[in-house]
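Enquirer: Assemble the complex: chain A is given as a structure, and chain G must be docked to it using the hints.
Read top to bottom, the protein sequences are chains A and G.
Under my numbering, the residues of the first sequence are numbered 1 to 381, in order.
Under my numbering, the residues of the second sequence are numbered 1 to 489, in order.
Among the hints, erroneous ones may be present.
Computed Cβ-Cβ distance ranges for the label pairs, DEER-style [to be verified]:
no. : chain 1 : residue 1 : chain 2 : residue 2 : range
1   : G       : G446      : A       : P191      : 57 to 65 Å
2   : G       : P237      : A       : E74       : 38 to 46 Å
3   : A       : D336      : G       : R228      : 33 to 41 Å
4   : A       : Y124      : G       : G243      : 33 to 41 Å
I should point out that these hints are in silico values taken from the structure, not numbers from a laboratory.
Cβ coordinates follow ideal geometry from the N, Cα and C atoms, glycine included.
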Amino acid sequence: MDRRHFLAGLSAASLLALSGPARAQAPRKLLILVELKGGNDGLNTLVPFADPAYRRLRPRLAIGRDDALRLDDERGLHPSLESLMPAWSAGELALVQGLGYPDPNLSHFRSIEIWDTASRSDEYLDEGWLTRAFAKHPSPPGYAADGVVVGAADLGPLSGAGARTIALANPEQFLRNARLARSTAGTATNPSLAHILRVERDIQRSADRLHPGREFTTAFPAGPFGAAVRTAAQLAANREGISAIRLTLGGFDTHANQAGPHAALLRQLGEGLAALRGALKEIGRWPDTIVATYSEFGRRAQENQSGGTDHGTASVHFVIGGQVRGGLAGRAPALDQLDAGGNLVFTTDFRAYYGGLLEAAYGTPAGQEVGVAQPLRLLRA
Amino acid sequence: MKPILGAAFAALILATGPARAAPLGEDGARHLLVRTGFGATAAEIARLAPLEREAAVDGILRATGTKATLAPPAWVDEPFFPFHKFAALPAEERMAEQRRNAERAFELREWWLRERLATPSPLAERMTLFWHNHFATGQQKVRSGQLMYRQNALLRREALGNFGELLREVSRDPAMLVYLDNAGSRKQAPNENFAREVMELFTLGEGKYAERDIREAARAFTGWSIDRDTGEYRYRPFIHDGGMNTVLGRTGRLGGEDVLEILLARPETATFVTRKLWREFVSPAPDEREVERLGGVLRDSRYSVKPLLRALFLSEAFWSSANRGTLIKSPVDLVVGTMHTFGIRPLDLRPAATASALLGQNLFAPPNVKGWPGGEAWINSATLLGRKQLIDRVFRGNDGMSEVAATQAPANAMAAEPQARLRRVMDRGLASYAVDWDRFLRDVGGGDAQGDRIARLVLAVPPGETPVSGAAGPELVRQLVADPAFQLR
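Excised from the complex, chain A in its bound form (with noise of 0.2 Å):
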C-alpha cells in the first residue's frame, strides 16, 4: 500500500492529528487548463493592430484597426473573442503575453513535451508538472482526484504515476462503467500490467467520490468543446474536490488558409470559456477558479505563402477568473526583432506562467515542481 492510499483510508479527524493545525491560507482553488492543440497564433489573438510591422508581416492576415476588440491604443482581441468581453470589462481576463522559452523547439511533440513537463529546451522530464506539483503537495484526503483530463487521450501536464488523474468525457459514462473496474491488490513487474492496474485502482477511487452531473441553467455551446466545458462545470460542482481538470480544443496548427479556421476555433474557445463563467458563477465557485490556456507554440511571424502561418515560438495566453487580476501582463516581443528564423523571442518564461498558476490556485511555493525562482502574480491583492 502506498502512502496516498494509506492517508484516503484515514478519517479527516485522524489526518488532523496527523498533520498538525490546517494552514491558515486562502482556500484551495480548482485550476482548469485550456490547450490549444496545434499551436494558437499568439499575433492574430491579441492583435497588435497600431504596429506597422504587424501589417507587413501579414499581409492577407492581418485583423484591421477596427475589426479587433480593443484593449488599448496597440493591441485588441480577435473579433471572434467578443464572448470574453464581459470577463475583460469586469478585470477577471489576464493576458499574458510572450510565453515562451529559451531555445526553443519547433516540432508539436517535443515542444509540448517541454511545456507538459516543464522541461527545459535540453532536458527530458517523464512526468508532467502538474503531476509533479501533486506529488510534493498532495490534495487534500476526500479529494475525488489530483486530476480529471475531460475528452483527450493524452493526460499532458498530468501525465505520470505520481498523481492521481483520471480520463473521461462526462462522470455519468464514466460512473456507469466504472463497476467494470476490479480491484487487483497485485502490484506487477510486467511495466504495462502495471500500468493497467494502476489506472483500475484510480478508476475504483474516484467513482466513490464523483457524483452524476447537475443541471445548469447557464447553457454551454454546441459541439465538442462546449461539452468538455459542461463536464468541467460539472466537476467544480462536486462535492469531494478535485484540484485541476484538463480541457483540450484542437485545431490550431494552421499551415494553410489560416483565417476562417482560425476565427472559427477562437470563437469556440471564447464562448466555451464564457459559459464556463456562466456556470461556475452559478454554483458559487468562480471566485475560487483559475482558468488558463497553453499551446506547444505561437506561429511564424510571417505569414506563409499558403495563407496561414507555420511553427513560431512565444505566444499569448489566458488567464481567467474571479479573483484574477485582469489586464495586459507581460511584454509582447518586439514584432521588428525577430531571431534568426523569424520568430518572436520571448519575453516570460512559460515556467514563471506555471509558477503563478500553482501559486495562485493551491498556495504552494512553486520554484522546485517548475523550476523557476520568480512566479508571475496573477491574482488580485
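Expert: Just chain G now, kept in the frame of chain A:
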C-alpha cells in the same frame, strides 16, 4: 492462483529460451501469431506448434501479399471530387458532400477491418497499419475517400516491400501532399509542414537536423503538388524554387528527390524505423544495441523490409519470456483480435469500427501526423472503462441487454455529448456480435485440461486475478477477458 493454471504458465515460462531448433509448441505458436497478426485461434496454433522458429517465421513472411483480398467500396474508382469545386458549392450541397466524405471514411474502415479478418496474411495488414501510423494521414483534412484509399493501397503494396520506395512514393502521394500542405507550397514562401515531418517523424527522428535544414528542404519540395481536377500527383515547375540550397551538409540545386536520398543515406533513418518496429513487435523498451544491429540489416538490404522483420522475429528478444505479454493491445488489436480468436463474424462491421474509434483508434483519422502514440498511452481511465464495456457487451450474451437499456442515461443529458450517438450505434450493433460457444469450445478441446487450454489461448500472461474455482467454459472465458492481462499481447 488456481494450481492447474499456475502450473501451465510456469511451464510456459520455463519453455521459452530453448534452442531455436525445437518445435514452437502451443505457447510459442500463440506468441508468434498474436505478435504478427490479430489474435489466434486454437486451430492456427495447432498448425504452427510443430514447426521450428525459422520455418514458422519464413512461412509467415512468405504468405504476405501486396493487395487486399476483398474488393474495396465501389466508389474508389469514381473520379476524384476537386476541392475547388467543393468550395464553390452552395452551402447545402457542401454539407451533403461533407456527410458523404464522413460516410465513405466509415466504409473504408469497415472494409479494412473485414480485410484483417479475411486475409491469409494478417502480417501484411499489421504492417499496412504500421505504415498508416508512421506516415499518418487523416481524412478530416484530406476530405477525399479516393485519395485516402489510394494511399492505403500504396502502404499495403510496400508494407513488406522497400522502405525507401515507400518514402519516395508517400512523398508524392496526393493525400499526404494535402495533409501536410505541400500541395500549395510555393517558392515565394515555402510551407514547412511536410519538410519538417519528413525529417522528424518519417526518417531521422527529432533532434537529428537543424531548423535551417527544414527551411532549405521546404524550398526543395516546393512544386510537389496535385492536379486540381484529377487529384493525381503533379509537379509544378513554376512554383518550384530551383535555387541552391544546403540540407544536412549537402549543397546543390536540390530537388525534393535529392532531399529524400540524403535522408535515406543517413544511418539514423534505419535505426529510427527499426526502433519503432521493435515497439510494434517486441517490447515497449527497445534494446539499443539490438536496434543498432537490426538497423544494419535494414541498411544492408537497401531498406528492404522483409530481411529486417525476419531478423527481428528470429531475435532472442522476440522470444524472451521477459518480453511476452508486454505490449498493450491497440484498439484494433483488441477488436479484431477478439473477433478472430472467438470466431465472431457479424454482417455489419460498423459497430466494430465505431468501437475502435471510441477506444482511441479511428482508422484514417489519426490524432495528428505523429500517429497514435500507442503503448501505455492507449490506457487511461476513460479508454480502459471503454474496453471493459466493450468486452462486457460482447461476452455477456443476450441476457444483459435489458440492463444496457436501463443504465442508459436520459437522452437529454447525453445530447451535448458528441460521442453519444456513436456510442449508441456501437451498443445497438454489438447485440449481433455473439461468440459461437459450441464451436469455440470444440476447437479448444482438451477434456479435463480444457481450463488450462482456454487460459493459455485467451491470455498472454497469467491472470492477475485467479478465476473463481470451478469456473469453466463460457464462464471461465468471461472471467479471463475481464482480467487486466487480456489487454496485453
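Enquirer: Evaluate each hint against the coordinates.
Expert: Verification of the hints:
| no. | hint | result |
| --- | --- | --- |
| 1 | G:G446 x A:P191: 57 to 65 Å | violated (32 Å) |
| 2 | G:P237 x A:E74: 38 to 46 Å | holds (44 Å) |
| 3 | A:D336 x G:R228: 33 to 41 Å | holds (38 Å) |
| 4 | A:Y124 x G:G243: 33 to 41 Å | holds (37 Å) |
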